[in-house]
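Here's the letter readout for the chains.
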Amino acid sequence: MNRRPSVLAGPAARDLARKVAQAVSVMLLVSITVFFAMRLIPGNPAKDVLGNKATPVAVAALDQRLGLDRPLIAQFWSFLKGVPTLSFGNSLVEEGVSVRHIIFDGLGVTALVVTASTAMSLVVGVPLGLWAALARRQQVVSHSVQSVAVVLLAAPPFLIGLLLIFAFSVKLGLFPVGGWGKGLGSDLSHLALPAVALSGYLIPLVIRTVRQAALDASRELYVEASIARGISSRSIMYKQILPNSLLPLITLIGLNVGTLISGAIVIEAIFALPGLGTALYQAVNALNYTVIEGCAIIAAFSVVIANLSADALYILVDPRVRRQA
Amino acid sequence: MMAQGGPLEPAVAPLMEAAPIAVSAGRNRVAWLVSHRFSRRWGASRAILFGGGGLAAMCLLCIAVPLLWAYKPDAMSALALQGPSSAHPFGTDELGRDVMARAFDAGRLDISVALFVVAVSSIVGTAIGSGVALTAQRWIDPVVMRLVDALIAFPYLVILLLLVTVIGPGRHLGFLPSGLPAILISFVCLDWTFYSRLARGQAMSLRDREYVLAARLAGFSNTRILVRHIIPIVFRQILAYAVLDAIVTMGALASFSFLGVGVQPPTAEWGNMMFDAQSYISTAPWMLIGPAVLLAVTGLSLSVLADGLLAKGAGDRR
Amino acid sequence: MIRKLGPLSLLTLTVCVALAACGSNSTQGSVTNKGGLTGSAPSKKAAILKAPAHLTVAFVGGMSSLDPDLAVDVQEINAEGLIGEGLYEFRYGTASTPGPGLAESASVSADQLSWTFKLRPHLEFSNGAPLTASDVAATLNRDITNKANIWADFTAPMKSASAPNPTTVVLSLRQPYPNIKTILAESGFAILPASAYKNPSSSAYWDHPTSAGPYEMQSWTGGNTAVMVANPHYWGPKPVIHTVTFTTIADSSTAEAELQTGEIDMAEDLPMSTEPQLEAEKGIIWKLQQTYGVYGFALNDHTAPFNNVDVRKAVSEALDRQAMNNLLWRGYAKPISGFWPTTMTGYDPSLPVKQNLTQARALLKGTPCAHGCKVTLTYDPSNGPWAELGSEVAANDLSSIGIHANLVGVGDTTWNNTVLSGTHYQMAFTYIYDFANIPNGMLEYDALPDSYFKAFYSNWDNTALYRLINKADESDGAPELSAIREVGTLFEQDQPFVTVATWNDMWAQRVSNKFIDAEPTDQVEIAREP
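These protein sequence lines are chains A, B and C, in that order. 1 is the number of the first residue of the first sequence in the working numbering; add one for each residue after it. 1001 is the number of the first residue of the second sequence in the working numbering; add one for each residue after it. 2001 is the number of the first residue of the third sequence in the working numbering; add one for each residue after it.
In isolation and in its complexed conformation, chain A is listed as follows (with noise of 0.2 Å):
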């Protein structure tokens, strides 16, 4: 009985440090082009603190104890110290208020909406791709589901979010019209469109995905192995096909955080979510470096962190990869 290769020591372990190393290095260049991109907006964050309130005094003073009339070099370096440490000072705008604060406030919806939206993709998207591939009348199934697909596809997930809120909010009554609620209960409630609006995006690429993967499954030499040796269907369909259609869905998730957050900002914008988009937003319209600056980097971090857990991930579960030379 060979055991089984350490997943450290092979060459998928170097594959993986690699991408660790790219990783850092596209957060570098993330965390520059941030930085600079927002020195470029015309303004003076301090003014618009101080709104009508900004004498040329009150400027000046509130530049000094933001840190604002340091040179250039300087106010990145500082950045750049924070950023492993996820410390990004105040916000600008809000006294005392700690741009971690705001971003893990703001992280905390975002993430449960992306979550919430991924879990419903998933739920949906698996069997409706499974049935597709498999079905015995497969070809009229699987037209019916991928025109289902194509028409999910077709909408973007705002408008999908305004058509359900009219639905079933306005003329049903049956979610709130938007914002967040105060407690787990009513967090769900408030959840729930959100979430349905979001993974309408996501849907048509699991279908595909996984009616891709079940199909090649379905054709593989083991598979007709096992049919002829008479192992039950149901084991096959379990043992076999299953976890090989759901595979490549690690790395599609993966691969789409970055979009889902991008989807995430509009849902918010339409739901009133306390989100991360919105906070971004927000700070973008008052020129709030530090929060834009905590945003970005965190978004970033997110997509990072998703493609090389779904890159770990796969390793781990698939023992192809591990012995791959």
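Hints were generated in silico from the structure; no laboratory data involved. For clarity, every value in this text was computed on a predicted model and none was experimentally measured. Beta carbons: idealized from backbone N, C-alpha and C, even for Gly. Don't take each hint at face value.
No farther apart than 25 Å at their CA atoms in a straight line, the calculated lysine to any residue pairs in the SDA-like style are these [claimed, not checked]:
hint : chain 1 : residue 1 : chain 2 : residue 2
1    : C       : Lys2282   : A       : Thr115
2    : C       : Lys2374   : B       : Leu1184
3    : C       : Lys2514   : C       : Glu2529
4    : C       : Lys2147   : A       : Ala60
5    : B       : Lys1072   : C       : Asn2326
6    : C       : Lys2374   : B       : Pro1177
7    : C       : Lys2147   : A       : Ala58
8    : C       : Lys2374   : B       : Leu1176
9    : A       : Lys171    : B       : Val1297
10   : B       : Lys1072   : C       : Ala2323
11   : C       : Lys2282   : A       : Ser169
12   : C       : Lys2354   : B       : Ala1078
13   : B       : Lys1312   : A       : Leu134
14   : C       : Lys2282   : A       : Phe168
15   : A       : Lys171    : B       : Gln1278
16   : C       : Lys2147   : A       : Asp69
17   : A       : Lys171    : C       : Glu2281
18   : C       : Lys2374   : B       : Asp1208
19   : A       : Lys19     : B       : Val1144
20   : C       : Lys2454   : A       : Ala58
21   : B       : Lys1072   : C       : Thr2358
22   : B       : Lys1072   : C       : Glu2281
23   : A       : Lys171    : C       : Lys2454
24   : A       : Lys19     : B       : Met1145
25   : C       : Lys2374   : C       : Gln2355
26   : B       : Lys1072   : C       : Gln2322
27   : A       : Lys19     : B       : Gln1137
28   : B       : Lys1072   : C       : Arg2330
29   : B       : Lys1072   : C       : Asn2325
In silico contact screen, one side only, chain A against chain B (beta carbon under 10 Å); selected entries [to be verified]:
hint : residue
30   : Val34
31   : Lys171
32   : Thr259
Mind docking chains B and C on chain A? Use the hints.
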């Protein structure tokens, strides 16, 4: 705006693998054929016909209705917030404008922007991607692809938001309505990356083909090979994805206007109209339904068209 | 075949949904106020008719400071109004006529340059510490000398305050100040302990100031929620509501939903598009409160084309203010075309507000805009839905006389850098406001280029105004009135900017307005126990 792993990536991988696999493994080739009893190509042509036809019809209506209809898109002539009637089939909005005229006028803007962005990005991206695949300089590939990966990794809305804010959402250029130049520049700057990745992949698989090697031996320059042979083939293969991208771009444009950083009012645009409609969703739902239906129908046509192109492409590749 | 049918059937489904939706033909949307009402029908009753122990009010913007010298946004002013008390105060039911607050009586010297206030006996702060004349003098002196004081224009005529004995305060002035009682009732002149000024840089103090008003701040940590309870050490009659919570809800549909479910009792600044639902909902009453301010179009008088007075007048003639009233405020606002809003002395009801395109076109003859011109019309969408709507209506009106307006919605950043500084813009739709019927205050803010609102950001600089403003500042009665009227005339002559309607704020509540009501000062006042 094809973000990473968008409708393209997962579909690309199995399809692109299917080709060599089908060629090499005889058994699988039979299985492939067998599982598509209805000729994929035949069904695909119908899809292309319907999708393309729908799109063409929508384009025609978007040009004709604002010109020919009794009420102009910007005219505040009627009573505000009226329901659908024979005079105003889609009702009127909060300023007394005819929703139908506005919705089709908006369609003109949305569709042309989407097609423009996709056309420019796909051409630029394909050229760059193919060029990177074929170049003799070893260092170009990793550098460009690293940049592309970095851009793709980022949630595109965040970059776009920053870009649009830096350029200034108020700018208008000539006949372009205000807000549009910033959007066009930002979208194109981001969108080409995805095509370049696709094109690079395709071009790499093509560059080892016999006719390319023959052309090299014959002394043709890289550029000539690129332009004459590689790019047209690559482009044809990513056409389907470009169509899907058009849908996403339309959605992104509408989302941006919804957020307020896109096209500025009173220019009619589906996102703008739906944003205004949200305040009146219980009192005047027709304000939302008009542009929503048009957006959905356009998206549907594009989606069906893309589906047909994909299927046709898969059939072609045998 | 299936592939073809699939999308087709779904398309049909979409169209059916659309038709079903359209089938619900609502005529509610077309109702506009034709009866001159200012709010819900008088017969409508609020849900809660007895004074509750606890009340929640939701505002749109938040609070950043409770320092009386810095509190200027609606929620801040309201909170300050509840917890703070000055020598005079505004009370429920007396609109904006000030009544005696901490001061029992007052007298003024013959030359009008020195006021003597007699404090009530045994006054206390919310923490039980005694409130004496030295606290009052310290507060007033700080208000006078504080460079960051928002109310600087109002303290300009004041010289200094002193406390000859624990119950007497003497305030010396540079010039006569007839409106001083109204000024001293404003939230900016709330009296705080002298010890508060020993540590001025500690912003934490201002989250929890010790105050002397009918309420004290129980908890506020700089966020969205502030809880105020009745102040047991207050000298006067107790308010009928014991605990008041202020909260911030930026999204109007959330605020409206919470008002309907009863999570909040009162909401400020709901958009007028919610009016049909509010009317339909039993138990909610609302009103569009007219306040001391003006909606209007700021015109940059220093740059083309608005450096030409005829062009400016043409704009004023071309605007259809009544259409704007119907579309923006469902007919509940009060259109104006002169300098003074309907709520202030000096308002001239004889000025025409109707659109006059013929006159507008005639005015344009001979100007650079005679054959059409292009302008940029800036607005800030975050001001409210009216900003975009009004700009669109104006653009439509102006196109009838050949002026093509390019609409630009900007965020706070650009707004502050352009319109607020009076530069780099041509035309902007915005508003200015004040908190009392103090005409000379409005003049200080709005009629001079260096004032707080920079003459509605127009750079209006008419030297005759300096004389008139002085006259209005120093006189009372007939001479003041004539100065005020003259300002109106000068405005019509120069047309430095274009006014549209009196500024208003929408308040909706499910509690009876017999114990809490919004006033023209844009503050809520709570009734006191008899």
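For each hint, the structure was consulted:
{"no.": "1", "hint": "Lys2282/C with Thr115/A", "result": "violated, 39 Å"}
{"no.": "2", "hint": "Lys2374/C with Leu1184/B", "result": "holds, 24 Å"}
{"no.": "3", "hint": "Lys2514/C with Glu2529/C", "result": "holds, 12 Å"}
{"no.": "4", "hint": "Lys2147/C with Ala60/A", "result": "holds, 14 Å"}
{"no.": "5", "hint": "Lys1072/B with Asn2326/C", "result": "holds, 21 Å"}
{"no.": "6", "hint": "Lys2374/C with Pro1177/B", "result": "holds, 13 Å"}
{"no.": "7", "hint": "Lys2147/C with Ala58/A", "result": "holds, 9 Å"}
{"no.": "8", "hint": "Lys2374/C with Leu1176/B", "result": "holds, 15 Å"}
{"no.": "9", "hint": "Lys171/A with Val1297/B", "result": "holds, 23 Å"}
{"no.": "10", "hint": "Lys1072/B with Ala2323/C", "result": "holds, 19 Å"}
{"no.": "11", "hint": "Lys2282/C with Ser169/A", "result": "holds, 20 Å"}
{"no.": "12", "hint": "Lys2354/C with Ala1078/B", "result": "holds, 19 Å"}
{"no.": "13", "hint": "Lys1312/B with Leu134/A", "result": "holds, 23 Å"}
{"no.": "14", "hint": "Lys2282/C with Phe168/A", "result": "holds, 23 Å"}
{"no.": "15", "hint": "Lys171/A with Gln1278/B", "result": "holds, 14 Å"}
{"no.": "16", "hint": "Lys2147/C with Asp69/A", "result": "holds, 22 Å"}
{"no.": "17", "hint": "Lys171/A with Glu2281/C", "result": "holds, 16 Å"}
{"no.": "18", "hint": "Lys2374/C with Asp1208/B", "result": "violated, 59 Å"}
{"no.": "19", "hint": "Lys19/A with Val1144/B", "result": "holds, 17 Å"}
{"no.": "20", "hint": "Lys2454/C with Ala58/A", "result": "holds, 18 Å"}
{"no.": "21", "hint": "Lys1072/B with Thr2358/C", "result": "holds, 24 Å"}
{"no.": "22", "hint": "Lys1072/B with Glu2281/C", "result": "violated, 36 Å"}
{"no.": "23", "hint": "Lys171/A with Lys2454/C", "result": "violated, 48 Å"}
{"no.": "24", "hint": "Lys19/A with Met1145/B", "result": "holds, 14 Å"}
{"no.": "25", "hint": "Lys2374/C with Gln2355/C", "result": "holds, 21 Å"}
{"no.": "26", "hint": "Lys1072/B with Gln2322/C", "result": "holds, 22 Å"}
{"no.": "27", "hint": "Lys19/A with Gln1137/B", "result": "holds, 23 Å"}
{"no.": "28", "hint": "Lys1072/B with Arg2330/C", "result": "holds, 24 Å"}
{"no.": "29", "hint": "Lys1072/B with Asn2325/C", "result": "holds, 23 Å"}
{"no.": "30", "hint": "Val34", "result": "holds, 7 Å"}
{"no.": "31", "hint": "Lys171", "result": "holds, 8 Å"}
{"no.": "32", "hint": "Thr259", "result": "holds, 4 Å"}
In summary, the structure is inconsistent with hints 1, 18, 22 and 23 from the numbered list given earlier, while agreeing with the others.
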